[in-house]
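**Q** Line by line, the protein sequences give chains A and B.
First residue of the first sequence? That's 1 in the working numbering, and the numbers climb one at a time after it.
First residue of the second sequence? That's 1001 in the working numbering, and the numbers climb one at a time after it.
Treat the hints with caution; some may be incorrect.
In the EDC-like style, the derived pairs of lysine to aspartate or glutamate whose C-alpha atoms are separated by at most 20 Å in a straight line are [unchecked claim]:
no., chain 1, residue 1, chain 2, residue 2
1, B, LYS1038, B, GLU1112
2, A, LYS24, B, GLU1193
3, B, LYS1218, B, GLU1179
4, A, LYS24, B, GLU1112
5, B, LYS1184, A, GLU26
6, B, LYS1038, B, GLU1107
7, B, LYS1280, B, GLU1331
8, B, LYS1079, B, GLU1129
9, B, LYS1276, B, ASP1171
10, B, LYS1365, B, GLU1331
11, B, LYS1184, A, GLU23
12, A, LYS24, B, GLU1309
13, B, LYS1048, B, GLU1074
14, B, LYS1276, B, GLU1179
15, B, LYS1048, B, GLU1089
16, B, LYS1079, B, GLU1089
17, B, LYS1038, B, GLU1074
18, B, LYS1184, A, GLU47
Think of the hints as simulated: they come from the structure by calculation, not from any bench.
As the structure is a prediction and not an experimental result, all values here were calculated from the model.
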Amino acid sequence: MSFSIQPGLSLTDARNQLAALVEKVERNEVSLDQLPEAIRQARMLLEYCDEKLRNISVEAKDAGGPWLTPEK
Amino acid sequence: MPDKIKLSQLADQIEQTLHNRFEGTALWIIAQIADVKKQVAQRRCYLKFIEKNGAETAAELRGVFWSRAYAQIEEFEKKTGQRFEDGLEVTCLVLVKFHGRWGLSLEVQEIEIAYTLGSLELERQQVLERLVRENPNDIRLRDGQYHTRNQSLPLPSVIRHIALITAPNSDGQRDFLRELLQNKYGYAFRVEEFLTQIQGDGAEGLIGAKLNEIASRKNEFDVVAIVRGGGSQTDFKPFDTYDLAQIVASFPLPVLTGIGHDRNTSITDLMARQEKTPTKVAARLVDHNFDFEQSVLLLRDRLADSISERFRRIREELTGLRRIIRAASPETILNRGFAWIELNGKIITDPSVLQPGMSIVTRLKNEAVHSTIDSKENSTPDWP
C-alpha cells in the first residue's frame, strides 16, 4: 500500500510517474483525503530526481571513476 | 694524357652552368615531400622532393626552407588543418641552387596552399561518398546534410556517466573537466577517461580501439565525448579518415565531439553531435540536465497550482454554503417578520395537528406570545 521508489528507477520513469500523478490531480481524480498521499509521493519523486542529478548520498557503491561534484 | 681538372673546378663549372640557366628564375613544381625535418628553433626545414612512377622513384631532389620561407609552413598548417609532413603532395615555388660542398638543392620560396586545400577537399569528398555508399543503413545524405544512426540515438533524460576520449594532460581534457566541474547547478557526473594519442599518424586506430573498448561496456555509459584542445593544433587527419568516421556513425552510444577546429568540420564531426570546443561539449551536457530539471520543476509547479486551485474552489463553495445556511436560519426568518408556532415545545410543521382549545406559543423576534386556539379553517395566504 505504501508508495516507495523502486531501486534503480530511471529518471525518465521518475518524471513520467510524477507527470501521471500531476495529471490525475489536475483531472480531479484524487479525492481530498487521498491528496496528502499524492503530495507525499510527488515529493519523494522530486527528491529522487534531485539526488540523482546531484549525486547526494545515493550511490556511493557505484563502480567506475570518481564522481565529480561541484563545490557548494 | 687527357687534361685533368680539380673537383672544385668541376663544381664551379656546374654551379656556373646552373647559375646561367636558373639564376633569378623561380619555378613552380609539383612533388611529394619526404624526410621532412623541421628545426623549429632555427626556423629551418630540410626535406626531399620526390616523384613516384608507380613503385619507382622517378625523381628525387633535396629541398630546404630557410627562415624567411619557414613562415610558409606555419601558414600552410594553419590554413589547411594539415601537418606539413611526409607523403603530402604540394606545389611550391623554388629556386635551384648548387653548392660545391652541399650539392644541388631547391630553396623553397612559397607553397601554394590552394592546391593542397583542393586536393584535401577532393580526398574528403571521396571519403564521404564511400561512407554513404558502403554504409547505407548507418549513413544517409539528405539535402546536403549527413544523417547517421549515431545522431538518431536519443540522449537519456539525464546524462551522468561519461566516457571521455582525450589526450593525457591536454588542454581539451582540462577544459572539458573544468566546465563540467564548475557547473553552477551542482550537477554531478562520473567521468571515465580513455586516454590516447589523438593526433598524428595512426591516431584514428588508437581512438577506434578506445571506442571499441567503450562499446563492449556500453551499459556503463550514457554518452561518449571525444575532445581535443583548440589553440594552434592543426592535425585533423585522423578525424577525416573513413575508419574512424565509420565507427562513430554506427556507434551504439551517442557520441559528442569537440575537437577544437574553428574553420573546418571534420568528417567524424559530421557523423556525431558536433560542438566546436571541449568546453562547449561539457556545457551542452550540463544544459541537457538543466532542461530535464526544468521539466520536473514545471511539474512540481503544476501540482502546486492545481492543489491551491482545488482549495480555492472548496473555499468558494463553503462561502456559498454559509450564505445559504445563514439565509435559512431561524434568526434571519424572525428578523424578517415571520413567526412560528410551538405546541408542547415543538415547532409545528403540520397544521392539521392543531385543534381548537390547544395552548400554543407563537415565537416572534424577541417575543413569545402564549394563546389558546379559538377555531381554525383551511386557508391559503395572499402573498404580497
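**Q** Please go over all the hints and tell whether each is borne out by the structure.
**A** Going through the hints against the structure:
Between LYS1038/B and GLU1112/B the alpha-carbon distance is near 19 Å, which keeps this suggested pair within the 20 Å criterion. For the hint linking LYS24/A to GLU1193/B, the alpha-carbon distance of about 44 Å lies beyond 20 Å, and the restraint is violated. For the hint pairing LYS1218/B with GLU1179/B, the CA-to-CA distance comes to about 24 Å; that exceeds 20 Å, so the pair is violated. Restraint check for LYS24/A and GLU1112/B: the C-alpha separation of about 70 Å exceeds 20 Å, so the hint is violated.
About 33 Å separates the Cα atoms of LYS1184/B and GLU26/A, which puts this hinted pair outside 20 Å; it is violated. In summary, the hint linking LYS1038/B to GLU1107/B is supported, as the alpha carbons are separated by about 15 Å, within the 20 Å threshold. For the proposed pair LYS1280/B and GLU1331/B, the alpha carbon gap of about 76 Å is over 20 Å, so the pair is violated. Taking the CA atoms of LYS1079/B and GLU1129/B, the gap is near 24 Å; set against the 20 Å cutoff, the hint is violated.
Of the supplied pair hints, the one linking LYS1276/B and ASP1171/B holds, its CA atoms being roughly 14 Å apart against a limit of 20 Å. Of the supplied pair hints, the one linking LYS1365/B and GLU1331/B holds, its CA atoms being roughly 8 Å apart against a limit of 20 Å. Restraint check: the Cα-Cα separation between LYS1184/B and GLU23/A comes to about 31 Å, which exceeds 20 Å; the hinted pair is violated. A hinted pair counts as satisfied when its Cα atoms are at most 20 Å apart, and LYS24/A with GLU1309/B qualifies at roughly 14 Å.
As the CA atoms of LYS1048/B and GLU1074/B are separated by approximately 18 Å, the hinted pair is consistent with the 20 Å bound. With a C-alpha separation of about 14 Å, the suggested pair LYS1276/B and GLU1179/B falls inside the 20 Å cut-off, and the hint holds. Under the criterion of a C-alpha separation no larger than 20 Å, the hint pairing LYS1048/B with GLU1089/B is consistent with the structure, at around 12 Å. Between the alpha carbons of LYS1079/B and GLU1089/B the distance comes to roughly 16 Å, so the proposed pair stays at or under 20 Å and holds.
Taking the CA atoms of LYS1038/B and GLU1074/B, the gap is about 11 Å. The hint holds against a cut of 20 Å. About 19 Å separates the Cα atoms of LYS1184/B and GLU47/A, which keeps this hinted pair within 20 Å; it holds.
Violated hints for the displayed structure, listed by number in ascending order: 2, 3, 4, 5, 7, 8 and 11.
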